[in-house]
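Chains Z, R, L and X supply the protein sequences, listed in that same order.
Residue numbers are given in the working numbering: position 172 of the first sequence equals residue 172, and the series is strictly consecutive.
Residue numbers are given in the working numbering: position 201 of the second sequence equals residue 201, and the series is strictly consecutive.
Residue numbers are given in the working numbering: position 287 of the third sequence equals residue 287, and the series is strictly consecutive.
Residue numbers are given in the working numbering: position 119 of the fourth sequence equals residue 119, and the series is strictly consecutive.
These aren't lab readings, by the way, just hints derived from the structure by calculation.
Check before you lean on any hint, since a few could be wrong.
For chains that are exact copies, the list does not tell them apart, and a pair is met inside one copy or across any two.
[Said to hold, decoys possible] Below, simulated DSBU-like cross-link-like pairs (lysine-lysine); rule was C-alpha separation at most 30 Å, straight line: (1) K288 - K277; (2) K206 - K285; (3) K288 - K256; (4) K287 - K277; (5) K206 - K287; (6) K61 - K256; (7) K61 - K287; (8) K206 - K61; (9) K206 - K190; (10) K288 - K190; (11) K277 - K61; (12) K190 - K277; (13) K277 - K206; (14) K256 - K206.
4 protein chains.
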Amino acid sequence: MELNRLLKAGFGRRGFLSGSSLLLTGALLGTGEEPAAAAAAGRPAQIATPPQGEPQDKQSKQELLEDLVTANHILQDQGVVDGYGHVSVRNPANPNHFYISRWLAPDLVTPADIMELDFDCVPANGDNRRMYSERWIHAEIYRARPDVKSIVHTHAPTVVLMGTINEPLLPIYHMGGFIGSGLPTFDIRKSFGNTNMLISDAAKGKALAQSLGTYPAALMRGHGGVTVGNSIMHSVGRSVYLKINAEMHLQAGSRKIETLNAEEAHQAEVGNQEFPKDWDLWARKVKKS
Amino acid sequence: MELNRLLKAGFGRRGFLSGSSLLLTGALLGTGEEPAAAAAAGRPAQIATPPQGEPQDKQSKQELLEDLVTANHILQDQGVVDGYGHVSVRNPANPNHFYISRWLAPDLVTPADIMELDFDCVPANGDNRRMYSERWIHAEIYRARPDVKSIVHTHAPTVVLMGTINEPLLPIYHMGGFIGSGLPTFDIRKSFGNTNMLISDAAKGKALAQSLGTYPAALMRGHGGVTVGNSIMHSVGRSVYLKINAEMHLQAGSRKIETLNAEEAHQAEVGNQEFPKDWDLWARKVKKS
Amino acid sequence: MELNRLLKAGFGRRGFLSGSSLLLTGALLGTGEEPAAAAAAGRPAQIATPPQGEPQDKQSKQELLEDLVTANHILQDQGVVDGYGHVSVRNPANPNHFYISRWLAPDLVTPADIMELDFDCVPANGDNRRMYSERWIHAEIYRARPDVKSIVHTHAPTVVLMGTINEPLLPIYHMGGFIGSGLPTFDIRKSFGNTNMLISDAAKGKALAQSLGTYPAALMRGHGGVTVGNSIMHSVGRSVYLKINAEMHLQAGSRKIETLNAEEAHQAEVGNQEFPKDWDLWARKVKKS
Amino acid sequence: MELNRLLKAGFGRRGFLSGSSLLLTGALLGTGEEPAAAAAAGRPAQIATPPQGEPQDKQSKQELLEDLVTANHILQDQGVVDGYGHVSVRNPANPNHFYISRWLAPDLVTPADIMELDFDCVPANGDNRRMYSERWIHAEIYRARPDVKSIVHTHAPTVVLMGTINEPLLPIYHMGGFIGSGLPTFDIRKSFGNTNMLISDAAKGKALAQSLGTYPAALMRGHGGVTVGNSIMHSVGRSVYLKINAEMHLQAGSRKIETLNAEEAHQAEVGNQEFPKDWDLWARKVKKS
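Pulled out of the complex, with its shape left as it was, chain Z reads as follows (with noise of 0.2 Å):
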C-alpha cells in the first residue's frame, strides 16, 4: 500500500467512527486544520464524511488488515513495540470479533499473518495457528468497551518505567492530551497475587479492562501498557505520544513540571484528532525501509 493509496483512502482508514464521530466532527470544525479558501472566507471548513456502509465493506476489509500490518511495522519503528507487544483492530462487519497477528514479533508480520479471533480467542475459520499469549488484553477490552475499535499492547521501557514508581504521568505538552488528569495503573498482583506477569486468561483480560474503565490508555506495572482507540491510527498515535510523554517525564527528574491541565488536556485532545499527519509520516517511513 503506497502513500498515494494511503492519502487517497483517506478517511478509511479511521473506519467507522460511530462512537467517537461527533467528537472528530467538532474537532475538524472548531479547532483543527481548515481549508484555505473557507478559512479565508471566515466560513469552517466542511469535511466530507466518507460514506460507511455494507457496500464498502470487502475493499475495507483489506485495507484495514493492510492497515494493521502496516501498525505493526509502525510500532517497531517508533520504540513502542520490541519482539513482544501487538497492535489489533475491531472487524467493523462483525463487531464481535478483531484482527489480530498470529504469534510473531510484530515487525515481521505480513497480511498472511492476521487471525480473526471472537472474544472468546476463538479463531474463526479453524484456522489453527499459534496465538498470542496475551491475546485477552485484546477480547477482553473489546468485549468491555464497544467504543473501542482498536488496541496496542506496548512494551516501549519508558512506559514500563512510569508503571513501576508512585508518580502519576500526565500530560506535559499538547501531543499527550488523551493522559488528562492521569491514567490507571493495572497491578496483577492486587487480584492474581504471584504471575509471570502475562494476561493468559479470560480472567486476567477482565481485570485489565476493568482497570482500564472508560479511560484512554493504562500502565501495566512490571510489563507495560495499554493504549485503546477509535481507529488504528489513533490507537497507535497514543501509543506513540504515552512513551513520548513518559520520557520526557523520567528525562525532568526531580524537578516540577507545570502540565497540561484537566480542560487545556481535553480540548488538546480534541484538537489532535486521531494523529492522521502522524500516520501518513510514520507509514511511509516504514514503507521505505
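Given chain Z, work out where chains R, L and X should sit, using these hints.
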C-alpha cells in the same frame, strides 16, 4: 538540488541579508574562518558578497523553495519536528508574504506543497489547500519583526520540557550563543485561559510575537518553541542547537552548569554566523537518504 | 542464512537442551503461547521436540556456527557489544570444547573466523590465529557450569555502569525475570589487586566463574558483564534484556521502583522461554542490513 | 579504501610509533591478545613490527590521508563531531607539518580536501583554500608535544557538558583507562577574558596546549575537548571512549561511582593499545554507508 549546486549557490541560500549583513560581515572578517593565503599574509579575508536584486529573483525563488523543502526534511532528520512543527521563509520579492507548506508532516513536503500566504493567512493565487492551523505563528511574527526572514516552530521533546520547568535555559557552549542571557517562555494560559494550546488565530499569534519580542527564540509551555533567523539556514541552525542545548541542560540533572556569560554568548553568536557548515552537512544527509 | 531457513530450522537453533528441556517444556505447556485449535478446544498444546542426536550433528554444526555469527551481529546491532565483548557456544558433539570467533570485533565476524577451543584455550586442529585475550571467561564458565551452552560477554555501557554503583539491579519488568532477586558483581581487585581489568588468564576466569556461581548473569566492576544460557538465543536474549533493565534502572534516577518479587521473577523467567520471538526479529534485522 | 586493504595495511595505519613503540610492544607481549599456537605452547607471542622508514613514505602518505578521511567520517558516525570539530595527523616525513581538512564539516571531507600546514598555520604549496579558524588547536599542540601524532577536537555534547560542571571525569571502565586520575579543563576566560570561545589564534592555541600539558586529553569549558594520540586510530579511539565515559558519568546522576584507581587505569590504558579492533569496526561502518 544536489550538494554541488548547494555549494555553487553559496550565499544565495542566505539571501537578502539586509538587516544582518553588517553582523555577518563582521563575523567573517573578525572571528570566522579565513582563506589560507590571506591569513598567511596577515591580511583579513574578503568574502565576496553576491549581488542581491530583482534580476535574480526568478531563479532565487525556485532555489529558495527547494531550500525550504530541504529545511523541512532536515528538521525531521535532526529531531526538531515530528508530524507537527513547521518552517517558513519570507518572500524576498514581497516581504508581506511568506512561504510555508500546506497541511503536511514536514518530512513529506515537496516543492509542490509550498503555499504563499499573507499576514492574514490568505493564500496567494486562490490556493485553497488545507493549511496548518498554526500558520498564525509565522504570520504574526513576520508582521511584528521585519528583520526576521525565516521561522521554525519546534516540537523537540527536550525543548518542550524546558518550557514546562521553572529553570532558565542558558548557553552551555558556543553553539548556543544565541540563547544569550536566556529566552522568554510563552504561556498561552496567561492571556487566553484554557485552550488546546495551539496558536490557532491571529490574536494568539500576536501574543506569541509579543512574548518573543526581539529575541531569537522563545519557548512555549506545553507545546514547543520557535526560532527565527536571517535565513532558512539560520532559523534551522538555531532550532537544532536550541534542542542540543536543552538536552545538555536536562542531562546535567541537579548539577550546577558554568554557562557562557552574556558577553561570551554574544561573541559566540557572532562567530557562529548562520551555521553554513551545518547546513551543508545536514542537507547532504537528507538528500542521501 | 535467510529468515525462511531460520524459521524452518525451528528448534534446531536451541539445540541440545538436555539440562533445561523440562523447564522449556513446562513453559510451553503452562504459560507460553498455544496453537489456536488446541487452545480453543481447551487442550494443552503439544510442541514437537526435534530429535537430538548424532546423525544431525554434521548439519547442526554448520547451522550452529551460522547462528553464532548471527549472534555476533545481533549483539552489535542491539548495543550489547562494541569493538569488544564476544559470544560463544559449547560444541554439542564435544562438550569440552566451545566455538568462539578469532580476535575480531563481533560485527565483522564471518563463519570462517570461528575457532574451536578446549577449556585450556588450546585451539583444535592447530589453528594458530590470534585469539581474544578474554577467552578465559568462556573456558572457565563452561568448565564450571555443565548446564551452560552459550555465553555472552557484554560491554553495554548501562551494564558497565550498574557494575560500578552500589545499587542492586532487580527485574523491573517480566522480560528481566531472569534477574531474579539480583545478580552478583565480580570485582577483580578483590582477588587480584590492581590489574588491567581483563580476564586474561585461567585464574581470573575461574574467579569470575566462582562469582557467577549458579546465576544466569554477573556484572563485572569497571568492565561489563556476562550472561549465560541454554542456547545462543538464550544468552543473547538475556544480554539484551539485562541492558534494557539497566537502562530503566538508571533512568529512574532516585525514584523508588516497584520491582518484580522473587516469585514473579521466577514465573516470568519461565514464561520468557529462550526469547524465540526476539531472535527471529533481531536476526532478520542484521540480515537485512 | 576497502576493509581488505585496511586489514592488509595492518600496522601501517599506526605509523611511526617512535615514542610509544615500547609501550605498545609491552602491551602486545604482556597483556594483549596472543596468537593461538604461541599461547598454547606457553611462549609469549611475537608480533612482527613493520619496517618504518623513508622508502615507504610515498605510499604511506596516500594511505595516511585516506585514513584521515576515514577518521573524519568515523567521528561523525560515532557522535564525536557534528558540523564542527576536526581531526589532524602529523606529517611523518616532515614532523613540523600536519594534515587537516580545509573548512568543511568532517563528514563531507574527501582526500582532495586535505591541506598541509606548518605550525604557524601557513599552508604548503600556496594552497589558499579556506581553513578552520581553530587550526591553532592542532598547530600549537604539535609544536608543544613532539610525541603527539594525531589530534581530535571533539564536540560530543556529553564531553561539552562535563567541561562545564565541577565534577572530575574519572575512568568508569577499562576502555577509559587513558583518563587516569582525571583530565585538565581549559577555561579560555582565565587567560583571555570574554571571547567567542574559539581557539582562533596562536596565543589561544598555546594556552590550550599548556593546559593539556602531558595529558592524553583535555576538556574545554563551553566548547568541547581535545584528545591526542600516537596515531589517527589512537586519537580517534580516545575521543570515542571519552564520550562514552562522559555519558556514563552523567547517566549515573548523583550516584557514587566506583571508578578505576590510578594503577588500574594505567594498566587498562596499556592493555587497550591504540584501539585497533574498534578502528576496523568503525571504518567498515562508514565505508558501507
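The hints, checked one at a time:
no., hint, verdict
1, K288 - K277, "both (17 Å within a copy, 24 Å between copies)"
2, K206 - K285, "neither (36 Å within a copy, 36 Å between copies)"
3, K288 - K256, "neither (40 Å within a copy, 41 Å between copies)"
4, K287 - K277, "both (16 Å within a copy, 22 Å between copies)"
5, K206 - K287, "neither (36 Å within a copy, 40 Å between copies)"
6, K61 - K256, "neither (47 Å within a copy, 46 Å between copies)"
7, K61 - K287, "within (20 Å within a copy, 32 Å between copies)"
8, K206 - K61, "within (28 Å within a copy, 47 Å between copies)"
9, K206 - K190, "within (14 Å within a copy, 44 Å between copies)"
10, K288 - K190, "neither (45 Å within a copy, 44 Å between copies)"
11, K277 - K61, "both (22 Å within a copy, 27 Å between copies)"
12, K190 - K277, "between (40 Å within a copy, 29 Å between copies)"
13, K277 - K206, "between (34 Å within a copy, 26 Å between copies)"
14, K256 - K206, "between (36 Å within a copy, 29 Å between copies)"
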